[in-house]
Amino acid sequence: MSVLQGAIVHVRESLAGTDKKFYIYCLILIIIAFLGLGGSITALAEGHVHSNMSDMVPWGVFISGLAFFIGLSAGATMVGLLIHGFGREDYHPVGTRAILIGLMSIFAAMGCVMMDVGNPFRAMKIPFLLRNETSMFFISSTSYMGFMTLLMAELIMTIKVTLGKASSKDKKIGKLLGIIAVPYALIVVHSFTGTIFGVVKAREMWNTPLLPVHFVTSALASGFALVILVTILTSWVNRKDLVSRETYNHMGIMLCFFLIATVFLDTFDYLIISYSGTEEGLETWHLLTGRYLPTLLINMVGLYGALAIVSFRKYRTPKGLLYASSITIIAIAAYRINLISIGQLVPLYHELGEIHYVPNIHEIAPFIGLVAMLMFLYAVLTKVLPLEDKVH
Amino acid sequence: MIKLTAIAGAGAVMPRPEEAYGGMFEAIAEKISQGIKGTIGKEVLTPLPVKGAKFAMVIDLGLCIGCRRCSYACKLENNVPDSINPPYIMVFETRYRPGQIIGVNKPVESHINGNGLLYTKLRKDRMYMPVQCNHCDDPPCAKVCPTKATYKSPDGIVMMDYNKCIGCRYCMAACPYNARRFNWSKPEILSDKVNPLVPVRTDGVVEKCTFCVHRTRRGRTTRCVEACPNRARTFGNLNDPNSAISKLLSSERYFRLKVGLNTGPQIWYLTSKKEKPMRWYKPVPISPDIRGLKQ
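Chains as they are written, first to last, in this note's numbering: chain B, 20 to 411; chain V, 1023 to 1317.
Bound-form chain V, shown alone (with noise of 0.2 angstroms):
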């Protein structure tokens, strides 16, 4: 297809064939490459799973103030480009109040009505609530990858390896969380932005989160814990009873998202009600145009 790349004066400037279709030839032959190959540009070494180790997130409710600071630092930290929105983690409004009781008749009225993840100010009378890949204990989006580039770790983390996805995106309409990414486009981040000890993935492959496993391996905590002004998040070891993890999980009441469905979440919500020192912090504002969703 030839694109107008530039208007001038009065008549549009067209480019020559061979530009136009150079671009096409070259992704085209760079995509043969990548599926004879099997590797897509610079091999990044993932650190070996941590033996007897299982890695869970606690993210409280009652602290999270929906700054989505967490979603902003996780996008950096993991060379997520702008064309994946929303990022990794999104971060909801709730809208009803504990007690409320929804219309069980039509229930679809409260969706015509806007978007709770599009807030623009933080409000202390709602609930906040970040959601992201759960890393089930049995993830369908593993069992479902027809050539295993999802994959359960020992240490519990969900991965991905970005080599062997063929981009089918079964593990996206598998997934209950809406978890993971697609790359509808080549991903384009700026050089001095990348993040040396994260892949960059290529356009035609899922991504999702990993719990920064090139951190979390090597002894760290995940990004977004750290981006978190509210410590809100507390992410652990569960094999380890005198980790900060097992001792919240042993104190507070939580719940997990749709464990009906039997996947064994390893995001554990608390719910106790807490002081939120809203105040000192702005929302970090998101793109609005996310694809598929009406605005």
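With the rest of the complex left out, here is chain B (with noise of 0.2 angstroms):
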């Protein structure tokens, strides 16, 4: 038997017996995928002549979503370490899915690039034919190709662990991978992220040092939101809860320190625009408490809402939580969106007058499709791949 036939006969096997409710799950995310990703086929073939980007506004919500989505895969990271490095085997049963997690949105990071760029093609030959080393694309591109494999390394040593057939040098590897990934997501990935971003000079929001740091708090309160969010949802369809209640409360004091972070950054971060006295500073404030005061209220209403609910123990419940947890998503994302959109919209000329961006159907379609397409692929993973809490 080839391997090929032997991986189908194993997801037959696998997905013997599921639930009704998990086909017609995966059917919504397969036509949400499929209407979504034509959009992208249409933008390959037209250019992004439907969008609503222009030459004043070049970076629109693919690049909020790649900020986004590289934050999100941090939840990975801190499971691995909390279990590899600091020896809490109550974090096991959501070991592999923060993985998977973390894969999942490193995957959507490069799908929003490869959907933005005009050529993605030629794209794809970064690193090795096209490069340029003072690039914080390039750094950063390349960084997630190696964050790719060092996660599918941790991932196939985990199964290995899993079904119990890991030796002694696969366990130890395993370990090695799970604590290598903490410092090489922060200060590389993460870190570069911000780079990207921070090294723009041209815009005042942008340029500061403080950027790369407020990507790796930001990235650990969302990474590690998602995974509490994808637990307490997993807890909540398999009528079984996947870790202990103390866990739960643990998960929420790590919550807790990655939001002070954050909401410690982003409210001085907005502190200092608001007493900018230049022309950019000026023009970012106005536009902050003007046009997307929405997104800033949600950002900072949102941040301090969810550390309100995780600072008390007896909110440190699943239901808790969840709120907290989701409101952590959001907020972080509206602070994503106030970023890179803000940054552009200060016209570098006073004459070109106000310069609008909101994106239209024809990129937030593609988003959601390969949002929805990455869900589909983690839902079947999640029954194919044997799981800490489906083996023991």
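It is worth saying that the hints were derived from the structure and are not from the lab. For clarity, every value in this text was computed on a predicted model and none was experimentally measured. Treat the hints with care, since some could be wrong.
Distance windows between CB atoms, simulated [stated by the list, open to error]: (1) E1210(V) to L195(B): 55 to 61 angstroms; (2) E1065(V) to D38(B): 56 to 62 angstroms; (3) W255(B) to L1283(V): 28 to 34 angstroms.
Distance condition first, Cα-Cα at most 25 angstroms in a straight line; then the derived SDA-like pairs of lysine to any residue [said to hold, decoys possible]: (4) K1208(V) to T153(B); (5) K1165(V) to F140(B); (6) K1208(V) to I317(B); (7) K1059(V) to F147(B); (8) K144(B) to K1146(V); (9) K144(B) to Q1056(V); (10) K1208(V) to H381(B); (11) K1208(V) to A384(B); (12) K1280(V) to W304(B); (13) K1280(V) to G300(B); (14) K1059(V) to A384(B); (15) K1165(V) to M129(B); (16) K1208(V) to V68(B); (17) K1208(V) to N379(B); (18) K1280(V) to H375(B); (19) K1059(V) to E152(B); (20) K1165(V) to T153(B); (21) K1215(V) to E65(B).
Partial pick of chain B residues on the chain V-facing surface, computed with a CB cut under 10 angstroms [unchecked claim]: (22) N71; (23) W78; (24) P139; (25) F216; (26) T336.
For each residue, glycine too, the CB sits at the ideal point set by N, CA and C.
Two independent chains are provided; combine them into the complex using the hints.
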């Protein structure tokens, strides 16, 4: 029996006896993905002519998506560190799921880049045939490939351990990968993603050395929030808690720390902008408190609200954490939108007048299609792969 | 996506599927081939950099009458399609008289009333300011380009290699002068209007002013300099002390845009007042539908 046949048999066996609701869920995701990705094929053939991006606002929803999804991948590394670095065995049931979430997030980020660039086939030559070592885009995209490889290796090792087929060497490698992934993700992946924007001295809102730090803290908050959210939703679907109440409490404490750092940076970021006397600073503040007030409120009220929930032990329950993690993810998405959009909406010349950008259906549809496709992939993989909670 | 191609009588005539999708598949196949081969259309050889030269341009704001002939000539010379709007050279009409204090509390209000780019009438009491690629000494666009599609030539020209551009638009986000243009759609230029010395671009790549490299490296001046009816523009070699540009810069007051960013822009603006014979020239109209700007 060939490998392919073996894989097909395994998939069939894994899906045997699956609830009908699962297939309906998958079907809905496939339809959304099909419709959305159809839009990206049109964009590939005709260019981004139908989008609302312009020479004044060259980066739209896809680059916001890149910054957001890269952040979401941080959860995987944190869970890996908790298990392998700090010996928190109670996190084991979510270990493989966290790695899968990390991988899906990285795929989403790479997908956003590929849908955004004008010539994705040529972009695939990076970093082998085309490269510029001074470009943060080059460094970041190369680091994403490294991160993807690292997470894949970690996934294989975790599966081996789960199946009980891991030798002591495999276990050591798995542990090492789990620990290495943290500095790699934080120092290389997230910091350099922040640096993509931080080095742009033409845009005052972006050009700050604090941006990489901000990307690290917000990545940790949103990434860990996503792990919590998936843990709760999986427990809810399976009608069985994946982790104990004590682990939920610990998850809440972890999220609390990440939120404190993010809230601190966000608050002082906005405070400094409000005091800015430069023309660009004033314009940025005007946009933040004008056209972008809803996203500013979602960002700030959301972060403070989530922080308030996880600060109290009595709210660090699955229900409380469900609210806190959802709000955190939405609040950080709002921050990413504010950062990327407003950074470009401040005109580089007075005389250009008011610059506008609101993503239209030609940008949003492929974006949603990509997310649906990866949610489908995640759903299938969690069925097919031997996860800890299924095996034990 | 199926497109409605014509409406006949009471019913809509829809194209056959192979017609509707054929163009799309061809376009994607073309993109794949461009990605693999790395070349776009007919290769046009660019002359080699001029040894020992440092090209720059002086624009005399005292002489600029805002007629936009430079912008229009540049567009024709460099095969810039209509879909690229504004063209490489934007001409601003300044609304403030010298010495007037702009309200520092709400500078935003000045943006709301209209667009300094879209004026209709030449006025002697206004200043006109053409802006374009500044061919910086330390170009942020070249630093951030992930593929080295943008690079600084030894003779000072910031160049584009369209065969390397992946269309990530990082250079556009990084350029402080808003000098770069992206081909959001496939550029269409009538074949009899194509300048064979300049490569025709495709959709998905960024383009910009090249100081008319096909002319200047062959000893000629840029097309915008030739087209200016009031000789407001001077192009030349800064390393040559006897060049017109060097003499102008040693004798007149000048400024450069956003020098605080330390990019070393090589468009120098002269500021002394001069008599402008404006009544002889009518402005070349520009299309008002600029993407992203509120009209």
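Hint check results:
1. E1210(V) to L195(B): 55 to 61 angstroms: holds (56 angstroms)
2. E1065(V) to D38(B): 56 to 62 angstroms: This hint holds: roughly 59 angstroms between Cβ atoms.
3. W255(B) to L1283(V): 28 to 34 angstroms: violated (52 angstroms)
4. K1208(V) to T153(B): Outside the cut-off at roughly 30 angstroms; violated.
5. K1165(V) to F140(B): Roughly 22 angstroms separates the two Cα atoms, so the pair holds.
6. K1208(V) to I317(B): Roughly 39 angstroms separates the two Cα atoms, so the pair is violated.
7. K1059(V) to F147(B): Holds, at roughly 15 angstroms.
8. K144(B) to K1146(V): violated (53 angstroms)
9. K144(B) to Q1056(V): With Cα atoms ~12 angstroms apart, K144(B) and Q1056(V) stay inside 25 angstroms; holds.
10. K1208(V) to H381(B): Holds, because 17 angstroms separates the two Cα atoms, which is no more than 25 angstroms.
11. K1208(V) to A384(B): Holds, at roughly 22 angstroms.
12. K1280(V) to W304(B): holds (21 angstroms)
13. K1280(V) to G300(B): holds (16 angstroms)
14. K1059(V) to A384(B): At roughly 31 angstroms apart (the allowed maximum being 25 angstroms), A384(B) and K1059(V) break the hint.
15. K1165(V) to M129(B): Answer holds: K1165(V) to M129(B) is near 22 angstroms, not above 25 angstroms.
16. K1208(V) to V68(B): holds (9 angstroms)
17. K1208(V) to N379(B): holds (20 angstroms)
18. K1280(V) to H375(B): holds (23 angstroms)
19. K1059(V) to E152(B): holds (23 angstroms)
20. K1165(V) to T153(B): Holds - the C-alpha atoms of T153(B) and K1165(V) are around 6 angstroms apart, at most 25 angstroms.
21. K1215(V) to E65(B): Within the cut-off at roughly 23 angstroms; holds.
22. N71: Where the cut-off is 10 angstroms and the nearest Cβ of chain V is about 8 angstroms from N71(B), the hint holds.
23. W78: Holds: closest Cβ of chain V sits about 6 angstroms from W78(B), inside 10 angstroms.
24. P139: holds (7 angstroms)
25. F216: holds (8 angstroms)
26. T336: Hint on T336(B): violated, closest Cβ of chain V at ~43 angstroms, above 10 angstroms.
Hints 3, 4, 6, 8, 14 and 26 from the earlier list are contradicted by this structure; the remaining hints agree with it.
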